[in-house]
Amino acid sequence: MLQTKFLSAGSSTEEALEYACELASSIFLEEDEYPVADKIDIRCESAKEAEKLDELLWIFPEDVILPHNLTHKKEDKIFVEIGYPGSIFGEKDQKILLNISPDLPNQISEYLYYYQLVINDDSTLRERAANTWKECKSMGLNPIFEET
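Mapping of the sequence shown onto this note's numbering: residues 1086 to 1233, in sequence order.
No lab work stands behind these hints, which were simulated from the structure alone. Mixed in with the good hints there might be a few duds.
[Claimed, not checked] DEER-style ranges, computed between Cβ atoms: (1) Lys1159 with Lys1137: 16 to 24 angstroms; (2) Gly1225 with Pro1146: 34 to 42 angstroms; (3) Gly1175 with Lys1133: 15 to 23 angstroms; (4) Thr1233 with Ser1208: 31 to 39 angstroms; (5) Lys1159 with Lys1133: 19 to 27 angstroms.
Just so you know, even glycine gets a beta-carbon here, dropped at the ideal spot from N, CA and C.
My request is simple: use the sequences and hints to build the entire structure.
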């Protein structure tokens, strides 16, 4: 069954992007309780947000360089691929999805682990993430929420 976790990722998109960098780095370095993966797909809300994350991953965290790229720049040896709704991610067996967009993606069944980053803006983004939680429950998934 798809492992599903909702993670509190700050109160703004900027905080969520930094959190995504930290989380991807921890998975890449096989730290803590994170699963071993062949690839991480990070789904942003928009192309503009994806480009911002692409730039941020070159400088944050400071002590790690993650091999990454945007989905439309196909490269074989990329560990982190960044996209947005409508993007087509590359194929791998052991994939993890970090979803910054508050909406549930269509291709969720392709992944072993699904991390939904929740932006607690006390408004629309938080509400949309709550709807995604309900969708996961209706699909028979057992999401877990973790405060960070």
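Hint check results:
Taken as a hint, the range 16 to 24 angstroms holds for the pair lysine 1159 and lysine 1137, whose Cβ atoms sit roughly 21 angstroms apart. Between glycine 1225 and proline 1146 the Cβ separation comes to about 35 angstroms, which falls inside the hinted range of 34 to 42 angstroms. The hinted window of 15 to 23 angstroms between glycine 1175 and lysine 1133 holds, with their beta carbons roughly 22 angstroms apart. The given range of 31 to 39 angstroms is broken by threonine 1233 and serine 1208, whose C-beta atoms sit roughly 20 angstroms from each other.
At about 20 angstroms, the CB distance of lysine 1159 to lysine 1133 agrees with the hint of 19 to 27 angstroms.
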